[in-house]
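Student: Here is what each chain is made of, one letter per residue.
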Amino acid sequence: MFRPLLALLRRDLTLALRRPQDALTVVGFFVVVVALFPLGIGPDPEFLRSLAPGVLWVAALLAVMLSLERLFSDDYRDGTLEQMLLVPEPLGLLVLTKIFAHWLITGLPLVLISPLLAVQLNLRPEEILILMAALLLGTPILSLIGAIGAALTLGLRGGGVLIALLILPLYAPPLILGAGAVDAVMHGASAQAHLSLLGAMMVFALFATPWATAAAVRIMLD
Amino acid sequence: MFRPLLALLRRDLTLALRRPQDALTVVGFFVVVVALFPLGIGPDPEFLRSLAPGVLWVAALLAVMLSLERLFSDDYRDGTLEQMLLVPEPLGLLVLTKIFAHWLITGLPLVLISPLLAVQLNLRPEEILILMAALLLGTPILSLIGAIGAALTLGLRGGGVLIALLILPLYAPPLILGAGAVDAVMHGASAQAHLSLLGAMMVFALFATPWATAAAVRIMLD
Amino acid sequence: MMEFLAMGGYAPYVWGSYLVMAGLLVVEMLQLRFRRRSLMDWIRRMARLRVQEENQ
Amino acid sequence: MADREFRAVALAAERGDRRLFDDIDFTLSPGQLLQVSGRNGCGKTSLLRILSGLSRPVAGQVYWGDEPIQSVDGGTGSCLGYLGHQNALKEDLTAEENILIAGGLGGGRPDREDVLAMLASLGLAGYEDLPVRYLSQGQKRRVALARLLLQPRPLLILDEPYAALDVQVIEVLRSAIEAHLARKGMIVITTHQAVDIDGDCHNLRLG
Amino acid sequence: MADREFRAVALAAERGDRRLFDDIDFTLSPGQLLQVSGRNGCGKTSLLRILSGLSRPVAGQVYWGDEPIQSVDGGTGSCLGYLGHQNALKEDLTAEENILIAGGLGGGRPDREDVLAMLASLGLAGYEDLPVRYLSQGQKRRVALARLLLQPRPLLILDEPYAALDVQVIEVLRSAIEAHLARKGMIVITTHQAVDIDGDCHNLRLG
Amino acid sequence: MSERGIQWFRFTAPANFYDLAGRLIPWFAALTIALFGVGLYMGLVVAPSDYQQGDSYRIIYIHVPTAWMGMFLYVLMAIYAAIGLIWRIKIAEIMAKSIAPTGALFTFLALWTGALWGRPTWGVFWVWDARLTSMLLLLFLYLGYMALHAAIDDRQRASNASAVLAMVGVVNVPIIYFSVHWWNTLHQGASITVTEAPTMAMIMFVTLMIMVLATWVYSIAVVLARARVELLERERTARWVQERLEGERR
Ligand code: HEM
Ligand SMILES: Nc1ncnc2c1ncn2[C@@H]1O[C@H](COP(=O)(O)OP(=O)(O)OP(=O)(O)O)[C@@H](O)[C@H]1O
Ligand SMILES: Nc1ncnc2c1ncn2[C@@H]1O[C@H](COP(=O)(O)OP(=O)(O)OP(=O)(O)O)[C@@H](O)[C@H]1O
Ligand SMILES: [Mg+2]
Ligand SMILES: [Mg+2]
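Protein chains in written order, with the working numbering: chain A, 1 to 222; chain R, 1001 to 1222; chain P, 2001 to 2056; chain F, 3001 to 3207; chain B, 4001 to 4207; chain D, 5001 to 5250.
No lab work stands behind these hints: they were computed from the structure.
A few of these clues could be false.
Label-pair ranges, simulated between beta-carbon atoms [unchecked claim]:
1. F:His3085 <-> D:Trp5027: 47 to 55 angstroms
2. R:Leu1104 <-> B:Gly4016: 40 to 48 angstroms
3. R:Ile1113 <-> A:Arg10: 44 to 52 angstroms
4. F:Ile3197 <-> A:Asp222: 30 to 38 angstroms
5. R:Arg1019 <-> F:Ile3197: 42 to 50 angstroms
Calculated from the model, a selection of chain R residues having no Cβ within reach of chain D, i.e. all distances over 10 angstroms [what the hints assert, rightly or not]:
6. Leu1006
7. Pro1088
8. Pro1090
9. Leu1108
10. Ile1113
11. Leu1129
12. Met1132
13. Ala1133
From a predicted model like this one, the values you see are computed outputs, not experimental measurements.
Here a beta-carbon is modelled for each residue, glycine too, at the ideal position from N, C-alpha and C.
Isolated chain A, as found in the complex (with noise of 0.2 angstroms):
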């Protein structure tokens, strides 16, 4: 039953080892759009401060929407996924599985990077801890709900720009709870409420969003 499985998470590791670099570039463009905003709106600390629950929040998601395309798209090309419709196990499952190690290999690092970007944006301590609990659950969700828009741009044209715009308004939900945990805390009150909505929402996420991937996957391939 699991064999499979475990079968495909390693082949997926194994090739985002072979090539660090396209993990390193999501991190990198994080990094990158976070710091163009002091160029684009000016240097002064408070002022950015204030901002950096939404900066941060943008950029990571940002970030995750465009490596997304990349999460069936390779596999569709080369005719893997064609193969992997043949395979005797549930195609959510397979689905789910790719999810997992999409997120080990780009939603991990930009929660472990995130404390870095929020020390130059002048958050305080105990503001980077929500933060980085905000972007734990918070990340899961983003490449669970844009795995959905990744399979329905598979072989499209312009693929990348056409994904934004399906997910990026199912992203609201997340952003504004992520990004209102740390304001919370920013403002004196407790980040508690936020985070229990978006562990619930991960969960949900968990169990409906591989399902409507697959879905997807089977209709483009069809």
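Starting from the known structure of chain A, fit chains R, P, F, B and D with the ligands onto it as the hints suggest.
Tutor: Just chains R, P, F, B and D with the ligands now, kept in the frame of chain A:
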């Protein structure tokens, strides 16, 4: 001399017309990214207003950057780019023509839609005028510089994110000047200096970057 | 009449809303009609082509 | 090897506005080969994808024994192997890794020695541990074939397997096909190249 | 048609760390055909790309008459046409548009009638005004061939032109090649399929 | 597709639907003209101006109907899309696709009229209020749906794929709405919200309802007309299309 260039321009525009959604999704992306910011940062009108130039410019920059991935990649994938190397015409001019077509399809619509978004972020009419002027001068620069990155990442896996990393640092000057122009009017100063610098930069990019891009294309196709 | 058109000083807003709405609805209908026409023409042409092929 | 028949009943396919084919019926028994032939664009690829359950016909149904192909016990992939126009290889992995992982994904636990032997028999000795990216068009095709031949499936569906192969390898492939038929396997194949195969061969002309 | 010779002098190519070939010399005079043959992965594609100036050899030089191929008067493309593994077609344009635009890009002003006639002779009558996307693998290859044959270049470089083509079209292509040779054109070709060509044919074995 | 499936709705057979829609459209069109005529006359001429907002309040007569229609059509579209996807009913797929442009148009009009109303009442065209923001996101959902449909060439695949998107979207609409609402009330900032008109006068209410009805009838007419065109486009090779064309001029 100019027949091949005209043929190329006509071809690219025809292709864009056959698939209007490609151009529209770029605009859509721009709009959606701008709309995300208030979600991450909060709805306070005064606050948003002071952010507006930076946010609009960063969003425009990201939109142009994403659309750049397709500048050469379609031609590369189906082998047309290879054939273009065999055309009896300086490659630099061909590249410039392609960039011009690309700007008409993606950059210009961004300029045209920007007033709507500016209104949502509470900019005033005279500020909006300067914003449009700055974008009109700035988006060609973004396309010209971005073309180098697009050429350098031809055929690489994960091109989209890699492009971002390569060219975002180069985007800093137009970003600073462009956002600065609007900021200046917002603070009652004149945007003259910013705009003339932007103009100078555009002329410079117009003459310098096509050759760099052409060289990059040749190298990547070797 | 002028008074009606002035809408108590809110003319741009009120008429801006109503006229844009009217305009867009009309555009929608025209576009639909245009699409229908060109589709019909196309189908007829294809039918003619088929008849011509069969006769050969 | 196989103990059931593979049947197509009244298949029809459409692409865009055109009906590609209509009312295709056949029954393939163990040990038989079906060659699908026809001009470019007559719908061979479309038919093979339908037969392997990857796309749905507009009408008709494909059966493996008595089960519709989409709902075979243990998944469609347990009864058939499919080789399409594309090779389904990961360019960053070596030939050996590609095959081992594909085996694992299929639920098996392939043996390293077998893999190396198969690669050698296809003339890829010495290339096993190069990333597939460095292989030429024909060499990639060979790796894909090796993968397919190592998964013991009763039915093989091959879309232009000879494409890009040189003469020696075509010979190897031909004897592999004959061995598969002798073992009571079944094969559906398309090709524009004339390769004679010894066995119970049938022909289906499209278009 | 051609009035110069096409010469390769001491060519060598490397891929990765491997030297693919060394010291390749040949001279092709008007009316001659050179068939490059060899097993999969011996470097045929690499050689053809070097001959057409698309990539640079590690050593040696390719000459068109007395000029190195990269610096031919009027551009490399004025003396040769290249057909690679890929078809270089825009999927959103029709076959006709694709060919007309490629002609315009080459600096010519191709005639619509000629294009339609050529497409018809390759068996694509009725498909001229369909976006290329809707064509099958073999039909696309035919469009690419039509484009090549309509650009009157003295030297044609063809990398597996028969791939994916059905038997009838191979026949058409064969006679087009013979006509080109008869007109004093030159051809460099690779293929794994055996197609006999009447004319002054030479062979170059790699590997 | 293989098993043609459920045929109990007589009009699911394409030809019947085509004919039925063709017969219904003129009636709805006539009704639309009548209702809009009456509604506009009452709204712009008969109804008195508001004691607080003056004449600017008259925007309500198109703002509220378009906003309702925009939201409602999305749900309807998702329902049709789901039916089309699950039971493979062609007409449902076509209806879903035909609703989208009209829904997007009404959503846009709600935004547009709201913005033009906001200027005189709030002093700005736009605030990031919960209701406005979720309306904006709804517009994006519509646009994404249409863009996806347009980006896929194969008709069957396009309608299946966008059906998945519509269903995912409709599950998310309430989530989006609540999170946006919460976001807005958590931050201090904009305290202006869409104000309820103070106990509407009877005449205003009646006028509003007439306008709501008018947009309804209009939507039905336009969607049916578009569905007919879509149907023709899909079935253009079918025999019944040829038969219909012999008879029809236009
Ligand atoms: C771009 C700006 C606006 C948008 C997107 C917008 C959106 C909406 C939506 C979606 C509804 C229907 C929601 C519901 O019934 O619960 C609605 C109703 C309404 N809007 Fe707006 N609105 C905007 C601006 C305004 C302004 C400026 C006013 C007046 C000051 C206004 C007054 C109303 C009223 C009175 C209703 C009906 C009340 C009700 O049924 O609950 N809106 N609007
Ligand atoms: N997405 C599509 N829309 C419309 N028509 C299509 C589409 N895809 C393929 N076709 C048409 O379907 C026909 C069959 O295509 P298919 O790929 O099955 O042909 P084939 O028999 O495999 O040809 P070849 O020998 O060239 O590989 C072609 O004529 C092609 O024009
Ligand atoms: N980027 C690369 N890096 C390293 N080696 C490469 C690279 N590309 C190709 N090769 C190697 O170069 C050799 C020649 O490749 P080429 O594509 O020229 O072969 P070919 O003769 O055209 O083969 P085929 O008949 O299969 O098309 C192959 O053995 C391949 O392994
Ligand atoms: Mg085929
Ligand atoms: Mg080759």
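Student: Against this structure, judge whether each hint is valid.
Tutor: Each hint, compared with the structure:
One distance hint, 47 to 55 angstroms for the beta-carbon pair F:His3085 and D:Trp5027, holds here, with the actual separation near 53 angstroms. The given range of 40 to 48 angstroms is respected by R:Leu1104 and B:Gly4016, whose C-beta atoms sit roughly 42 angstroms from each other. For R:Ile1113 paired with A:Arg10, a C-beta distance near 46 angstroms keeps the hint of 44 to 52 angstroms intact. Look at F:Ile3197 against A:Asp222: about 31 angstroms separates their beta carbons, and that is inside 30 to 38 angstroms.
Take R:Arg1019 and F:Ile3197: their Cβ atoms lie about 44 angstroms apart, and the range 42 to 50 angstroms holds. The beta carbon of R:Leu1006 sits about 29 angstroms from the closest Cβ of chain D, which is more than 10 angstroms, so the claim that it is off the interface holds. Separation of R:Pro1088 from chain D is adequate, the least Cβ-Cβ distance of about 35 angstroms exceeding the 10 angstroms criterion. Its beta-carbon lying about 35 angstroms from the closest one in chain D, R:Pro1090 satisfies the requirement of being farther than 10 angstroms from that chain.
Annotated as non-interface, R:Leu1108 keeps its C-beta farther than 10 angstroms from every C-beta of chain D; the closest such distance is 19 angstroms. With a cut of 10 angstroms on Cβ distances, R:Ile1113 stays outside the contact zone with chain D, its closest approach being about 13 angstroms. Taking the minimum C-beta to C-beta distance to chain D, about 17 angstroms, the non-interface status of R:Leu1129 holds against the 10 angstroms cut. Distance check on R:Met1132: its Cβ is at least 17 angstroms (rounded) from any Cβ of chain D, clearing the 10 angstroms threshold; non-interface status holds.
With a least beta-carbon separation of about 21 angstroms from chain D, R:Ala1133 lies farther than 10 angstroms from that chain, consistent with its non-interface assignment.
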